[in-house]
Amino acid sequence: MAMVDVRNVTKVYRKDAEELVVLNGLSLQVEEGDYAALMGPSGSGKSTLLNLIAGIDKPTSGDVMVAGTNVAALGETELASFRSHNVGFIFQFYNLIPVLNATENVELPLLLTHLSKAERRERALTALKVVGLADRATHYPRQLSGGQEQRVAIARAIVTDPKVIVADEPTGDLDSKSATEILDLVGTLNKDFKKTIVMVTHDPRAAERARTQHHLEKGVLKD
Amino acid sequence: MKFLPYLLKHLRRNWFRTTLTVLAMALCIFLFCTLQSVLAQINLLLEGTSAKRLVTRNSVSIVFDVPLAYGPRIQSVPGVERVAISSWFGGSLPAKKEGKSEPDSSSSTTDWSNFFQNLAVEMEPFLAMYPEYQLPPEQYQALLADQRGCLIGRKLASKFGWKLGDSFFLESFIPPHRKPDGPFEFVVRGIFDTDPVKYSATDTNIMLFHFKYLYEATGRQLSAGTYYVEIKDPNQAGEVSAAIDRLFENSDAQTHTETEKAFQASFVAMAGNLALLLNGIGVAVTFTILLVVANTMSIAVRERRKEIGVLKTLGFTSAQVMGLVVAESLLIAAIGGGLGIAGSRGIMWLVTNTPGIKGALAGIGLSELTLQPLVALLGFAVAVFLGFAAGFVPALGAYRARITDMLRTV
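Chains A and B supply the protein sequences, listed in that same order.
So the first sequence is numbered by the numbering used here: it starts at 1 and just counts up by one.
So the second sequence is numbered by the numbering used here: it starts at 1 and just counts up by one.
Hints were generated in silico from the structure; no laboratory data involved.
The model shown is predicted, which means the values in this text are computed figures rather than measured ones.
The reader is advised that the hints may include incorrect statements.
Using 27 Å as the maximum straight-line C-alpha spacing, the simulated BS3-like pairs for lysine-lysine come out as follows [to be verified]: (1) A/K15 with B/K306; (2) B/K9 with A/K163; (3) B/K306 with A/K58; (4) A/K163 with B/K2; (5) B/K9 with A/K117; (6) A/K129 with B/K163; (7) A/K129 with B/K198.
Build the full structure now, drawing on both the sequences and the hints.
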């Protein structure tokens, strides 16, 4: 069964009288447990597509089915709830909260649950252990390297045990060594934890790790 | 509550900015509470007056006396029930001499630290027009029988630990009220109470003694400071006041007669329209602080646009994000408000316990200046309102912002 099923989606941005068609009747499926890479030149619409799958943007037309739910049809509150339970997002620039330490950053999505403080803490530490940063639990982002920050961000993305993990250029801001470590980790999430991964990337090395590659150009798939 | 650690961490994000904003809020609430307390105390003072009592004073100024001959003539005015002399003595306890536990009666140095209101009055008619002062009959008789006897309020008695029969000395700073041989000695012959429900505004922190004692001890040179006049019908206050003043309009010492409330209010009016002034200051400061806190929150939200985008991506709804922004603003306001209330309480304790200032306050009946619970509550409510109002607009911006726009912020 497809974990992600994008059906004839169009995304149009309007500014005054101008219209910019970013996605043009695009359809795409990502099977459950797949590791898919979205590639294409700048402006091809890959990040826009990723945002639609993650539920942080809505298409102008079409349906976006994620884990059996049409996220395009959900209201704002339902969508927020859907994201918190089903989607883990990894940003290019980590986007950790600077005033929170590693554990507190990972714990952030769990504040939306009914878990007790102790339970939230335990789950956060478990996620940090998975990404190999249990010894940095009390460190603040400013005390971590870029690669470590991204690993904390990954821990935050997986702490709610989401069905889908979306990653927007997760290695874009990292050196080669750190990038390799992150890609290894993402691979582990897919292989050992059976997570469905959808990743936008410019990096051919990152794309090689994916099982499926999709190429976008001017808002349409070129597969 | 689970978001409180998150909010506190954000307050620590920029210590300097948070501290300044909290202090600004504290200053606003401090001023509000202090000014409102002064107004509340003044209003309380005015409530302790009676519509049946008038005060006749020298029309030029309160500092000038009124001739003793005026008393019987005022008594003769239709509508007047009784008349009593009342002169503000201005006495203070003499300072203790070194090495002595009791004040030195021969000392000419006054102790301003324990100043209280003391009046020389014609005791019988004065007490007759003050049903607020409740006194057992035997104490009343003892008071009348002893020219050195004085009547003190329960609060004053408790403050100094005075009992019936105790004696103490007072020395006035007003030269005509001083004896050549030293301070005046008084003996406590009566301690009055008041009905706390019926006469809640009555001050029991005062002392009354016989005008005759003052008059004779100072060589029979004195005149009356004021005349207290009890009238039969409060509705006749205007007519009786005018009639009294007409009696003396061609005399050397012309009079001005007014209700007791107006008389008390005139002391306050020496500072201009005090209510308007104090409330005006309060409004101006409150509005300014609103702008300061709103600016702080706007900057905070602008700095954290990306963070707000991340929170929404993680599943926080727009309403929750808005709530976090407002909560942060409320937290700043609550901390500042608490500090302001504590500061107000502290400053009022300080002024009512600092010699000199305390004396001046006692002179105008404000020695009991204190922060009332209701004023403190109102002050906190103002802080909460300011916090909400200041945080609302930035919070609304965060509410409305699209996730993709916020994540794109550099």
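Comparing the hints with the structure gives:
1. Of the pairs offered as hints, the one joining A/K15 and B/K306 holds, with about 23 Å between alpha carbons and a cut-off of 27 Å not exceeded.
2. Between B/K9 and A/K163 the CA atoms are separated by roughly 31 Å; this puts the pair beyond 27 Å, and the hint is violated.
3. Restraint check for B/K306 and A/K58: satisfied, since their Cα atoms lie roughly 19 Å apart, inside the 27 Å limit.
4. Restraint check: the Cα-Cα separation between A/K163 and B/K2 comes to about 26 Å, which is no more than 27 Å; the hinted pair holds.
5. Our distance criterion of 27 Å between C-alpha atoms is met by B/K9 and A/K117, whose separation comes to about 17 Å.
6. The suggested pairing of A/K129 with B/K163 is violated, with an alpha-carbon distance near 77 Å, which exceeds 27 Å.
7. Between A/K129 and B/K198 the alpha-carbon distance is near 72 Å, which puts this suggested pair outside the 27 Å criterion.
Violated hints, in rising order: 2, 6, 7; the structure is consistent with all others.
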